[in-house]
Amino acid sequence: MTVLCTSDPDASKAAASLSVNVGSFVDPPELQGLAHLLEHLLQLASTKYPGANEYRAYIQDNQGFSNAETFNEDTAYYFTISPNAFAGALDRFSQLFISPLFDKDYVEQELHAVDSESKGNLQDIVDQENSVIRSLLDSSHPAAKYDCGNMNTLSSDTLDIREEVIKLYRKYYSADIMKLAIISNHSMDDLIEWAVSKFSEIKSLGDTRPDPLPSPYDV
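What the sequence shown shows, in the numbering used here, is residues 427 to 645, in sequence order.
Treat the hints with care, as some may be off.
In silico DSSO-like cross-links for lysine-lysine, where the CA-CA straight-line distance does not exceed 27 Å [claimed, not checked]: (1) K605 - K593; (2) K629 - K474; (3) K530 - K545; (4) K593 - K629; (5) K474 - K593; (6) K605 - K545; (7) K530 - K439; (8) K474 - K530; (9) K597 - K624; (10) K597 - K629; (11) K439 - K593; (12) K629 - K605; (13) K439 - K605; (14) K605 - K474; (15) K597 - K439; (16) K624 - K593; (17) K624 - K605; (18) K530 - K629; (19) K439 - K624; (20) K439 - K474.
None of these hints come from the bench; they were simulated from the model.
Make a model of the complete structure from these sequences and hints.
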């Protein structure tokens, strides 16, 4: 894992971001949007903090904000928070990547959340443009697939969606392809100690990124 720590005595907020160098391009063709669903489910709970939305609730209770985004070849998770709650936030944040629960009781809820995003995108001009671009690409290329996903693309009569999410996580979420950035008014020594002690348990599986893809415009 590549780590960047920034100590800024004048910072009024603390923040952290962790990016994983895989995104929607690793979606199985039969489950478009699976990486996006993984992003949703991963943030809900971990073995150490099993309460539903423990991480998000802690952030919100301490004047913070959290979000995540799935891109073609990256997935980014990030939050801001009051500095005096930063250590606790980092612990909850790191555990999402060390031992996420992917609670089966919330799969349907997050499927609907993804579907709601998909419907909202229909009104977004940028997403409308992206839809047109996808229609012009080589249909066999991942860039031509629907990366957001919805209830249709994430439905299967033969596959367990939760198990497919877990497979994707276990195959690709390796410390070797992660980058962590943290900033706070705490000392550099504290930030380095937290980065090492809280994130070193994330599994190292080597470079799990798929092979480079040809241009989607090569028809």
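Checked hints:
1. Restraint check for K605 and K593: the C-alpha separation of about 21 Å stays at or below 27 Å, so the hint holds.
2. Proposed proximity of K629 and K474 is supported: the alpha carbons are some 16 Å apart, at most 27 Å.
3. For the hint linking K530 to K545, the alpha-carbon distance of about 24 Å falls within 27 Å, and the restraint holds.
4. For the proposed pair K593 and K629, the alpha carbon gap of about 14 Å is at most 27 Å, so the pair holds.
5. Annotation: proposed proximity of K474 to K593 holds, straight-line Cα distance about 21 Å (limit 27 Å).
6. In summary, the hint linking K605 to K545 is not supported, as the alpha carbons are separated by about 31 Å, beyond the 27 Å threshold.
7. For the given pair, K530 sits about 34 Å from K439 by alpha-carbon distance, which is inconsistent with the 27 Å threshold.
8. Between K474 and K530, the direct Cα distance comes to roughly 17 Å. Compliance with the 27 Å bound is thereby established for this hinted pair.
9. With a C-alpha separation of about 22 Å, the suggested pair K597 and K624 falls inside the 27 Å cut-off, and the hint holds.
10. Our distance criterion of 27 Å between C-alpha atoms is met by K597 and K629, whose separation comes to about 11 Å.
11. Of the supplied pair hints, the one linking K439 and K593 is violated, its CA atoms being roughly 36 Å apart against a limit of 27 Å.
12. A hinted pair counts as satisfied when its Cα atoms are at most 27 Å apart, and K629 with K605 qualifies at roughly 14 Å.
13. Of the pairs offered as hints, the one joining K439 and K605 holds, with about 20 Å between alpha carbons and a cut-off of 27 Å not exceeded.
14. Using a Cα cut-off of 27 Å, the hinted pair K605 and K474 holds, with the two alpha carbons roughly 22 Å apart.
15. Proximity of K597 to K439 is assessed by CA-CA distance (about 34 Å); at most 27 Å being required, the pair is judged violated.
16. For the suggested pair K624 and K593, the alpha carbons sit about 24 Å apart, so the restraint of at most 27 Å is met.
17. For the suggested pair K624 and K605, the alpha carbons sit about 14 Å apart, so the restraint of at most 27 Å is met.
18. Between K530 and K629 the CA atoms are separated by roughly 23 Å; this keeps the pair inside 27 Å, and the hint holds.
19. This hinted pair checks out: K439 and K624 have alpha carbons roughly 20 Å apart, not beyond 27 Å.
20. Straight-line distance between C-alpha atoms of K439 and K474 comes to about 25 Å, which keeps the hinted pair within the 27 Å bound.
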